[in-house]
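Undergrad: Protein chains in written order, with full-length UniProt numbering: chain B, 1 to 416; chain L, 1 to 416; chain D, 1 to 416; chain S, 1 to 416.
Because the hints were derived from the structure by calculation, they are not lab data. A hint or two may mislead.
Chain copies aren't distinguished; within one or between two, either way the pair holds.
[Claimed, not checked] With a straight-line Cα cutoff of 25 Å, these simulated DMTMM-like cross-link-like pairs (lysine to aspartate or glutamate) come out:
hint, residue 1, residue 2
1, Lys120, Asp343
2, Lys26, Asp262
3, Lys306, Glu13
4, Lys120, Asp320
5, Lys207, Glu409
Protein chains: 4
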Amino acid sequence: MNPAGNSYVEDVEISGHIIDSLILPKILDAITAAGGSFLIKKFTVGQGRQDPSYALVEVQAPSQERLEEILSAISDHGAAPVADSDCRLAAADIEGAFPEGFYSTTNQRTEIRIDDDWIKVADQEMDCGVIVDLETRTARCLPMVDVRVGQQVVVGHAGVRVFPHGRREDRHGFEFMNSSVSTEKPKGVAIRQVAAELFRTRQEGGKTLVVGGPAIVHSGSVDYLSRLIRGGYVQTLFAGNALAAHDIEHALFGTSLGVRLDCGDIVEAGHEHHLRAINRMRRIGGIRQAVEQGVLRSGVMYECIKNDVDYLLAGSIRDDGPLPDVVTDALRAQQIMREKSRDVTFCLMIATTLHSIAVGNLLPAWVKVVCVDINPSTVIKLSDRGSFQTVGIVTDVEPFLRALVVEVEAMQAGSA
Amino acid sequence: MNPAGNSYVEDVEISGHIIDSLILPKILDAITAAGGSFLIKKFTVGQGRQDPSYALVEVQAPSQERLEEILSAISDHGAAPVADSDCRLAAADIEGAFPEGFYSTTNQRTEIRIDDDWIKVADQEMDCGVIVDLETRTARCLPMVDVRVGQQVVVGHAGVRVFPHGRREDRHGFEFMNSSVSTEKPKGVAIRQVAAELFRTRQEGGKTLVVGGPAIVHSGSVDYLSRLIRGGYVQTLFAGNALAAHDIEHALFGTSLGVRLDCGDIVEAGHEHHLRAINRMRRIGGIRQAVEQGVLRSGVMYECIKNDVDYLLAGSIRDDGPLPDVVTDALRAQQIMREKSRDVTFCLMIATTLHSIAVGNLLPAWVKVVCVDINPSTVIKLSDRGSFQTVGIVTDVEPFLRALVVEVEAMQAGSA
Amino acid sequence: MNPAGNSYVEDVEISGHIIDSLILPKILDAITAAGGSFLIKKFTVGQGRQDPSYALVEVQAPSQERLEEILSAISDHGAAPVADSDCRLAAADIEGAFPEGFYSTTNQRTEIRIDDDWIKVADQEMDCGVIVDLETRTARCLPMVDVRVGQQVVVGHAGVRVFPHGRREDRHGFEFMNSSVSTEKPKGVAIRQVAAELFRTRQEGGKTLVVGGPAIVHSGSVDYLSRLIRGGYVQTLFAGNALAAHDIEHALFGTSLGVRLDCGDIVEAGHEHHLRAINRMRRIGGIRQAVEQGVLRSGVMYECIKNDVDYLLAGSIRDDGPLPDVVTDALRAQQIMREKSRDVTFCLMIATTLHSIAVGNLLPAWVKVVCVDINPSTVIKLSDRGSFQTVGIVTDVEPFLRALVVEVEAMQAGSA
Amino acid sequence: MNPAGNSYVEDVEISGHIIDSLILPKILDAITAAGGSFLIKKFTVGQGRQDPSYALVEVQAPSQERLEEILSAISDHGAAPVADSDCRLAAADIEGAFPEGFYSTTNQRTEIRIDDDWIKVADQEMDCGVIVDLETRTARCLPMVDVRVGQQVVVGHAGVRVFPHGRREDRHGFEFMNSSVSTEKPKGVAIRQVAAELFRTRQEGGKTLVVGGPAIVHSGSVDYLSRLIRGGYVQTLFAGNALAAHDIEHALFGTSLGVRLDCGDIVEAGHEHHLRAINRMRRIGGIRQAVEQGVLRSGVMYECIKNDVDYLLAGSIRDDGPLPDVVTDALRAQQIMREKSRDVTFCLMIATTLHSIAVGNLLPAWVKVVCVDINPSTVIKLSDRGSFQTVGIVTDVEPFLRALVVEVEAMQAGSA
């Protein structure tokens, strides 16, 4: 029995960049914060920066229940019990709900053990369960709402291991921006890095997802985003009714919520333009039809149709209209977002809290995400919710996109 | 022909507190901004503050089309053509869309003229059309999405008049807060006024709608809102999945997103509590069932069930779960919000941008609205969108609700 | 006696764009808010937009004291008693303080009456007193701290008239931005207008004052501001120790508070660079000496020396060092700011709350001011304090200056 | 020679809570970021949470110069060369400036070695130099401006060691608030902890310093702060001219910048009250005189005089007046702040960016600081500048102070 009287013990091992990445301190912290104690039985520090370290830690707790709580908590940081066992499974007994005690996923790479084999979990997404197909010996993340009776669901933390996403060398440049949401950072550097990421993604045949809010239109940035789309830098666009409706209002009337975007004048009764634009789309039947009939001849949505950008307009309770293309059911919209974001390699979020957090919840930890917003609270909210891979840039949409297009087009000219 | 060569003219008259309320300057501005000019033919100023003023203004424009644009713009401010005519009607030719040229509503009291009679428009709401039942000689606002083929829709601005909501004497105290969104205002005064409004609404049998975000739970304010509900100060609650899920997590586990609300400590793996709380509700079938079965025994949602508060949980794409009670289709949720907010007399919005703007879009101009948020941008956005009756208080949720409950309960004790 | 029993009366007249500019409503409001009432005896509305209107209003109050309070309040809006009298003077009896009851100035054009003649007040500045030289029959604003015993100071509101600065046609484009501090405005338009203002000021031989904060350096914008200085677009620079110290650190070490501005990397121990840069200047004796000795060879301060930009570095309690050039006494710094800003025609404030408000307090109402800050609260604070002529642009410094330089240089190329 | 070709090496040792407190990862990071490499020669992990760990690390660099840079950088984190030597001293050759290469201090406990003895540095403050009195064998921090020719100044990092302030157990409760500046935290907990700190400080005879901005008055919180002062919870107050002037305006006229704080109404011409209040103080000669003569009979400044609170009013360039008590020279004000804050044990900063950062720069790392502001950027700025011990609470002043007083007075009643 150890000094603290914590007589329930289990050995766990942790390996990787556990010092470098602050993982070990977090694990030790978690143990003591939860009322446990620990003994570091073995510790090997990687001598160079690239070398992995290894720690063997005895976790001590005052009760079996507490011990399991601690093991569960630290397993999210990659601490795996030495005496490993297979994962436990329970059959779903209710449609759309997990069995009690289900294993709740993170957005980190995860494996489960079946018959002594470690199997990679597919469709990694946070806040899901893991269902297992015992025949094919495959496992994947599944949202609560999609559970069907009889599916085999992982229960508890035994037989589950997580590989926390360490600092990647190639992200080094990005890191600096992430240290805080301070606005006092050199912005030109950040813009150049985003441009380089867009350019590399296109060169390497990756997939860039832009998640955008209506400020792209209000701020007068339609032309900049249009140029990125025409240049092949955007494969997928997620937005709401507002971005599309403002964009179409701008294309049809030259205004956005009644403000003329060329000179900034307010057009009296111009706020009606917004509604008339939506009404016209509803009369025609949709954005694609409006483009095909020559009614819609410019703008972000026009470019999406013309350049085969895969888009989703997700509905919300504050929508006017909405446009016929909008998916008004939140669950259906989430499902489509999930499908369309599976193979995304770079995600640029611009001026939308709602859609950014929705997408941030779906992406695995290894997808690079840059979130641009003039309001620091959006960026803070994203990190608070576990989207740790998100680089936040607190800046203004129009000048940001204006400069971004210049940088991207310069790279393109340079590489031609 | 007038000096500016604007040979298309029409006389309009404006009456009411047109100086006091800045309406006349706005109208004259709108005329010249749109390229027209004006001649003030008659002007009678109310001598005292309560006396109405009257102006007869000739509007001049360079073309008939421009003239109509101007008349349309100024009609929203209450300028009605002297040579009045009936409103024009057109039958809807497409499901879910208005005829082109439909009259787009404001949130101000509106009347339309049919056979020389002025008829009040029911269900006043901004950004709708007006449909007329010629048999019953009634008219009401209808959202675009609800239009059915064959309905008679008001087209153009002729035969429509609007009564802008002037400064009401009884709102005088409120006004000061509205002058800007500055945080540098005496907060005790604002809190007392909100308390008085809640108290008066209950005394007079009015209906208070609370629109709330999850920060009510995060910030540790569940108890304060619960006391207001038990005291009979809340008749309706609009929220999202997040508020209810955090509230239930707090009731079941004592945490909110894994943070213990009694001491602020972070419970490792506590973020799972969030998902487990939702899963449990899905297993039981709903919040009411959880209360009836004794699973849920405290919190905001518990009090709603126990005190017959009419609630709506509207879904969004960032929801986890969601709870079985959540209405996931945005159009269906809007429809329910519309119904439940028809007879609301006071609306208190707390820490939610999405739901606040959604509700602000639905309420007529004469409903008092107070919007509380620590982020000034939420309040700015509400006013930018025409919810002029909104009083914004930039403050922090927990201390605000803590002080509000003290004030309300003191009034209650004082009146007993 | 009038209905409200307000038997103390005085007639005032108001003329100008009193409807257009909302002056009349404000005056009527002020009267009733202060417990008075009014009778509009005569009212002539200018028929066109450019024509002045005229109102003769009887102000009614319950006591002589209240009447004078009201007359004092509305005189700031340009309401002048009909039965005009000379201004009253009292000799200053204490160094550095006004006699009780002194007339407190606004930043609007002001005249005082002496021997039936109206005399223009020089050095217009808000929150000062007016001192009169009876021999030369001249008057000027004087700050409290500069009062000397025996000076003749205007007391009360009699014999003082104010000419509120109406909407100027040539500012029309600017107005739109001013309607609120919303970030949802087309930014390209705003940037073009600021560029045009800088360009016109240079063309017309005006004087542009830039008031800048250290974020100009942090954000990586030294080169942009340097180009504006070299182009002759900046005549005067007001800043604090921080801007200059960061700029010099950047010139000497390539960092700003230890962050490398070319790649964003944090240089360990680089925060020392800040202090070493200041120390080196102190050793050399000043910025000019450092330029002359070839130690300082680039940056904002270097360009100021090389291009004869008149600069002031005003100290504050958070300064490190400070640099030898810094004026550490706040009163002395105010005095210098006053002198250097007397003939400024355009003022561009960038990312500094403290210096922006300090300068805003000194400028008369007719100087165009543009205030750029990513934090809306800075802009709100400026307007709250009566700097009504300020156009606020909520945006990010680096992309703003980057785009501004492009626009200005394009205008220059176009005009060559 | 090691693999990276880094042939310049030196051994350093680090001990203490180096894992727990993230110090080791930071040091290893600093080495590689600066182009060096490392070999961990020995590593002993403390087995329990309270046990210190120890590491012996060989630092490798490509040049002697780079090696010294690295040693300098990591010495701030407590890494001390094994082959220790005495510190190097150089005589100051210029008034008000250090010799080039001076050791620049942190706000952590520091010792220097003289004749093989480690001597504690007094007056610990960041961004200073260390001067040594060889006769008394004492050392202390000295700001650049106070350097006198001939003083012995520590140069380089040899013979200097720093003891980074680890996580203190007794601060555990505070930690949670510090993890980010998110507004989504339970506020009641934070308020209770601040109350407990105020209470304990008074019980233990400590010294609480309040640094306050004018929002304390605007927001209607004068009474709350007055009660804390009367209760003996405030020993020292740092503020600017604005807080005192608003407070005195409120005491004399009931307004703050012309806003009545009891009902929120705006008093027309009430902005003059501000100036008249200051003028009256200037006529009387000072705040103490005004209290003694019965002119000033309530408010924060009144309570300071009556309860012997030691106050400093530091001037700034945006001050009106200023009050006679204001210290207008920034250097003199810093000097006084330094003296008055030497023995402070708890510091509560309320709604002032300028004064908070100024004070944060002066305090050693072991003084507890709580910074309350509704604007997250103030809190972010404080941490960005190295005031790591600062706990930021993003909340609204009035409800915060209202709740704080209730908590403190409840503790007082409970202990009586």
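Undergrad: All hints, please: hold or fail.
TA: Results for each hint:
For the homomeric pair Lys120 and Asp343, the shortest alpha-carbon distance inside one copy (17 Å) is at most 25 Å, but the shortest distance between copies (55 Å) is not. Only between protomers do Lys26 and Asp262 lie at most 25 Å apart by alpha-carbon distance; the minimum there is 23 Å, versus 52 Å within a single protomer. Taking the shortest Cα distances, Lys306 and Glu13 never come within 25 Å of each other, neither inside one copy (53 Å) nor across copies (50 Å). For the homomeric pair Lys120 and Asp320, the shortest alpha-carbon distance between copies (24 Å) is at most 25 Å, but the shortest distance inside one copy (44 Å) is not.
Taking the shortest Cα distances, Lys207 and Glu409 sit within 25 Å of each other inside one copy (18 Å), while across copies they are farther apart (37 Å).
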